[in-house]
Amino acid sequence: MTYEPRGTQYDVITSSAPVIVVRGGAGTGKTTTAVAAARAYLEMADRHLLETRRLAAIADQRTRLAAPQRVLFLSFSRTAVTQIIDRAGSIIGPYGPRLEVATFDGFAWRIVTSFGPYHGYPPPLSVLSVANARVPGAPPGLTYDELLPAAMKLLALPRIAEHYNGRYGMIICDEFQDTDVEEWAFLRTIAPSARLILLGDLHQCIYDGFKHVDPNSRISDALALPGAIEIELPPASFRDPTGVLPAAAEAARERRFDDPAIAYAAKAGRLSITRTTSATGYAEVIDLARNARLQGHTVSIFTHTNAATTELSDAMRQAGLNHEQVGLTEAYGEALPAQLALIQYALGDDAAPIRRALAVYITANHRGKYLPALAEQLLSGTNPQLEHALSGLCQDLRAGAGSAPDLADLSGVIAGAYRRVGTFRGQETWTQAAERTRNALRGANLDHGMAGIEAQLLRLRDESLVGGLSPRRHSIQAMNLHQTKGREADTTILLLRPDEWYGYEQDPYPNGSRLLYVVMTRARQRAHLVVPSAAHPLWQPLVDACDSSRTGTRLHPQRTGVAEPEFT
Amino acid sequence: MPDGGDREGLPVEEVITRADCAEVEVTLTDLDPDLQQLFDGFLEPLDPAGHANEADDADSSAPQCVRLTYRLSYDADADVTEAFIYFPVRSDPAMSQYSRLPAATRRALPVINLNSAQPLQLRSGGALRRILDARDPDAAIAAFTTLSDAVGAAVAGLSADSAMAGTVSQVLETGGAGTRLGDTAVTAADIGFFAEDGTVAALLRTLQPALRLDQAGPLALSSHGSSTTAVLSAAEAMLLANLPGAVILADDFGDQLDAAAAQHLTALLRARSGQLWLSTRRPEAARAFEPVELVRLVRHDGVRAHHQLDRITDRKALSAMRQLHTQLLTAMSAPTVAITEGPHDVAVYSMVDRRYPPDRLPLSAHGVRLVAAGTGQDGGIDQIPRVADLARKLGFRVIAVIDKDKDSAQAATQVARIEAACDNVIRLPPGAIERAMLAGISMDAIVAASATLTEYGIPDPVDGRTGEAAVTELCKVVHKQGLHEQLLESLYAETGAHPPLIQTVLALIAALATTPPSENKLTDLTDIARPVAAIS
Chain X
0 MTYEPRGTQY
10 DVITSSAPVI
20 VVRGGAGTGK
30 TTTAVAAARA
40 YLEMADRHLL
50 ETRRLAAIAD
60 QRTRLAAPQR
70 VLFLSFSRTA
80 VTQIIDRAGS
90 IIGPYGPRLE
100 VATFDGFAWR
110 IVTSFGPYHG
120 YPPPLSVLSV
130 ANARVPGAPP
140 GLTYDELLPA
150 AMKLLALPRI
160 AEHYNGRYGM
170 IICDEFQDTD
180 VEEWAFLRTI
190 APSARLILLG
200 DLHQCIYDGF
210 KHVDPNSRIS
220 DALALPGAIE
230 IELPPASFRD
240 PTGVLPAAAE
250 AARERRFDDP
260 AIAYAAKAGR
270 LSITRTTSAT
280 GYAEVIDLAR
290 NARLQGHTVS
300 IFTHTNAATT
310 ELSDAMRQAG
320 LNHEQVGLTE
330 AYGEALPAQL
340 ALIQYALGDD
350 AAPIRRALAV
360 YITANHRGKY
370 LPALAEQLLS
380 GTNPQLEHAL
390 SGLCQDLRAG
400 AGSAPDLADL
410 SGVIAGAYRR
420 VGTFRGQETW
430 TQAAERTRNA
440 LRGANLDHGM
450 AGIEAQLLRL
460 RDESLVGGLS
470 PRRHSIQAMN
480 LHQTKGREAD
490 TTILLLRPDE
500 WYGYEQDPYP
510 NGSRLLYVVM
520 TRARQRAHLV
530 VPSAAHPLWQ
540 PLVDACDSSR
550 TGTRLHPQRT
560 GVAEPEFT
Chain Y
0 MPDGGDREGL
10 PVEEVITRAD
20 CAEVEVTLTD
30 LDPDLQQLFD
40 GFLEPLDPAG
50 HANEADDADS
60 SAPQCVRLTY
70 RLSYDADADV
80 TEAFIYFPVR
90 SDPAMSQYSR
100 LPAATRRALP
110 VINLNSAQPL
120 QLRSGGALRR
130 ILDARDPDAA
140 IAAFTTLSDA
150 VGAAVAGLSA
160 DSAMAGTVSQ
170 VLETGGAGTR
180 LGDTAVTAAD
190 IGFFAEDGTV
200 AALLRTLQPA
210 LRLDQAGPLA
220 LSSHGSSTTA
230 VLSAAEAMLL
240 ANLPGAVILA
250 DDFGDQLDAA
260 AAQHLTALLR
270 ARSGQLWLST
280 RRPEAARAFE
290 PVELVRLVRH
300 DGVRAHHQLD
310 RITDRKALSA
320 MRQLHTQLLT
330 AMSAPTVAIT
340 EGPHDVAVYS
350 MVDRRYPPDR
360 LPLSAHGVRL
370 VAAGTGQDGG
380 IDQIPRVADL
390 ARKLGFRVIA
400 VIDKDKDSAQ
410 AATQVARIEA
420 ACDNVIRLPP
430 GAIERAMLAG
440 ISMDAIVAAS
450 ATLTEYGIPD
460 PVDGRTGEAA
470 VTELCKVVHK
480 QGLHEQLLES
490 LYAETGAHPP
500 LIQTVLALIA
510 ALATTPPSEN
520 KLTDLTDIAR
530 PVAAIS
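Sequence lines, in order, name chains X and Y. No gaps in the numbering here: position 419 of the first sequence is 418 in numbering that gives the first Met the number 0, and each next residue is one more. No gaps in the numbering here: position 501 of the second sequence is 500 in numbering that gives the first Met the number 0, and each next residue is one more.
No lab work stands behind these hints, which were simulated from the structure alone. Be a bit skeptical, because a hint or two may be false.
Taking CB as the label site, the calculated pair distances span [claimed, not checked]: (1) Y/A103 to X/S192: 51 to 61 Å; (2) Y/R17 to X/E434: 37 to 47 Å; (3) Y/R17 to X/P139: 39 to 49 Å; (4) X/H473 to Y/L71: 24 to 34 Å; (5) X/G367 to Y/L71: 54 to 64 Å; (6) X/S192 to Y/L296: 39 to 49 Å; (7) X/D45 to Y/T205: 48 to 58 Å.
The following residues of chain Y were derived to be distant from chain X, with all beta-carbon distances above 12 Å [what the hints assert, rightly or not]: (8) L42; (9) D58; (10) D91; (11) V291; (12) D300; (13) Q382; (14) P458; (15) P515; (16) T525.
Since we're looking at a predicted model, the values are computed, not measured. In this text, a Cβ means the ideal position worked out from N, Cα and C, and glycines have one as well.
Construct the complete structure from the given sequences, taking the supplied hints into account.
Encoded structure:
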């Protein structure tokens, strides 16, 4: 990727302000510019360090020198940032190893595992997922809510504070407008003397409904810090250099559905509506995704909820469409201990917690305050059919596990285990986890017992739960539309259902409309909306606008002589 | 086979103990900020004793440290050895799970191996190159580029030289070689020369240092003495040791240096490095260290062991500690020390011992070094237990050679203390070293030898007398004047033989040094009568 900063991007890169709030719309290159600023900072710090060392060498002095600087890039979604860092590899260049990317939870977990064992958090340490905490009999561990406070408690200790303060000279926070009070405090505690680059876009704040964030006051807080400056990036989109989709998205966010930008995007085929003919819309989504792949496009598919994503993922899997289900880190993570329990049972451990581990996994695939019925039945043993299936599974697990168990067979039984006892929901994450389990079994030395596999899978579980581990990335990704930020794909497909709930907000949906903006700005080439006959009023005006703008044939400016509006 | 062979002609079964692996764990402390950050994720708090604190309530103000374990294992079935370094804090050897130290981190450790490689090397990784890069990397690159360009130009000139071109052309024309090599005919103009593969790195590899030390002009470093190489290597190491916390490793240091240079360079290395690990056989090198910094490696009865002195706060023990540098360090490479009461004893035994070869083996052949409990005023029988304690803590086998004082409770206590501190004790017959020298020597020889002492400006102590009173007088004078070696020299001239009692003592020391210690530590020697004068 060739990156030439322009306009105020250059200001971000060259500024030495202790706090920079970088504001810019979707696709304006906030992350890329921040990576370039990180490199510029590391180069400058290295030059300074080299000069100090050179002078010390010439003077023949023993000098205790500072460590080479590092930059911490914090985000809410590791996958999203990693995606961008991968593409920006040429920007960060040889400094890549010194740009550390982590989620807030992942970084807090790293602090806790590094220093907690000596200061009040004795091993074994583990992350307690929401699902695991909900199922009776939860083991001790730190819940997500406890991670940041624990890390901050450790950061209050002088030696630990000194360590991180000496480690990072710059901290970049992506999606800064979405940080809550605790995350903001954590951000400032990690390395108080580090420079801060805070990337934000008020238009992309889509968590305020359930995360209690106040983007305006957050940005005000940051700008109130000594020496803080604000830099607004130019509006042109790097993602879609034509500016068509960003302009349409901006109009949609402001609910100006009669804006020519939306009409043009629809006429040019950049923004298209597909009506569902099936009850679920899965067939249409699968068809659109296949066509996009035929053109070599990467595809992101968005649904309204995790549950909807899981169901769609299961349908795509049935249809043979390879994909990755993004964002179900909890389901993916909890599949690993469930599979571990199956291995333990297969190798003769009658006390292996199969029922509970499977119940946790099932719970991780559902949303809601209560345990799913299937999880309840697994724990209570009250469903005869389920008991029969479980019994059959246990027999198969033990069948091949003699004195010299056939690990390949065992891996196969485990990969298919969930299908036999669970609902169909969640098969994708189970399958992804089964790949890890198979690898662990392959590399295991069973002469040493199960402890090695157990430690490995539980470590992977912990890393996954805090966003430190991502499954293999796929050309087709499916996710909840709240996980779309920071991601991009050639083609995006949004599946809308008739019964979706977007809170109590009424027209003109000042907050909800940001979703339209975020979703529409993810696409580099095409944004598809797969809609029912009657979509939620949040979306329906956009659907109507596209419908009314669309003609029978696609409009090609070059052929028709219709001039393309200037969006950039 | 610890006892070294079979006994009573019976075959001894060889017992070999196999270990799964050998591990050495080190704790790195006082970490440079750079290193501390490299070890992020593997840091542990340091306890006051200098170990990693694994408790869950460590002192929050404790500095950080990191543990590294070197593991060497051998697979007998595959006949393969494996060696690696891992972080014990994130590993579980019982489960064969190791968090290995990355090679890049290992290379970043500020460890300088002061080996026998040539100093002043410009090649990548050479000490001089590292120093050069630290001082001004840009200037170094510019200088190398200039060198490369100049060599390129010089070699091009060489190729174009008519004599050279003509010779190459002749080669190419022979058998039509030039026409068979390329798409078109190859001529002398197509042939040039590179240093190795033509890279700057190769060029720098080929450059070797040359020194002008005298009128002989510049000579390759390898043509100079080994001391020159050793001094320059040490100087480079000292510059590199300016890295904060640098650890310098030196094996067999000082072997190529004279005594003064060995002591001087060791002291400098110790002062300038963060930590210095130096193995040496040279007492001069050991002198640069505090007594508690010395670790003495020994092998007794086939068993390897190491010995290190504890920090001493007892005032009396401190006075003995002074003897370390003056007496024990000189013996550091000998397995056994024989401690005498003072320097006169050492002078006498040493002189006789020196005259043993070639007919007899000297004490050094039995691994024994003679030392005095003191250098004069601070010596004496009271000092022997303290020096012996010190010596045994350093792993020496200790034999004391003492005088027999008058029988008394105090003397008995004194001997008991010496026995407790030593492996063996040899007690002379009544009288000090001077009388032992003269034991078994005829009066005629004594009279004649005494007469030679007048050469040293004193009256003849015996002055022709032949009674034991005259011998006592001689002993007093010799002791007072310190004329032991001079008297011995005269005795040798008169008798042509070793003094018999001294010879007995040396033989006994040699025998005790090579046999396992026994319960009965004290050996009392009896006096040797003088031969009766021949009747003329």
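Hints, verified against the model:
1. Y/A103 to X/S192: 51 to 61 Å: Hint violated: Cβ distance 27 Å, outside 51 to 61 Å.
2. Y/R17 to X/E434: 37 to 47 Å: holds, 40 Å
3. Y/R17 to X/P139: 39 to 49 Å: holds, 42 Å
4. X/H473 to Y/L71: 24 to 34 Å: The hint (24 to 34 Å, Cβ to Cβ) is violated, given that X/H473 and Y/L71 are roughly 44 Å apart.
5. X/G367 to Y/L71: 54 to 64 Å: holds, 56 Å
6. X/S192 to Y/L296: 39 to 49 Å: For X/S192 and Y/L296 the Cβ distance comes to about 48 Å; the hint holds.
7. X/D45 to Y/T205: 48 to 58 Å: violated, 32 Å
8. L42: Violated: least Cβ distance 7 Å, not greater than 12 Å.
9. D58: Since the minimum Cβ distance to chain X is about 9 Å, Y/D58 lies within 12 Å and the statement is violated.
10. D91: Y/D91 is in fact no farther than 12 Å from some Cβ atom of chain X, at 7 Å.
11. V291: holds, 24 Å
12. D300: Its Cβ never comes within 12 Å of chain X, the nearest being 38 Å, so this holds.
13. Q382: Check passes; 41 Å lies beyond 12 Å.
14. P458: Per Cβ check, Y/P458 is outside 12 Å of chain X; nearest 63 Å; holds.
15. P515: Non-interface label on Y/P515 holds, nearest chain X Cβ at 44 Å vs cutoff 12 Å.
16. T525: holds, 63 Å
Hint check: violations occur at hints 1, 4, 7, 8, 9 and 10; the rest are consistent with the structure.
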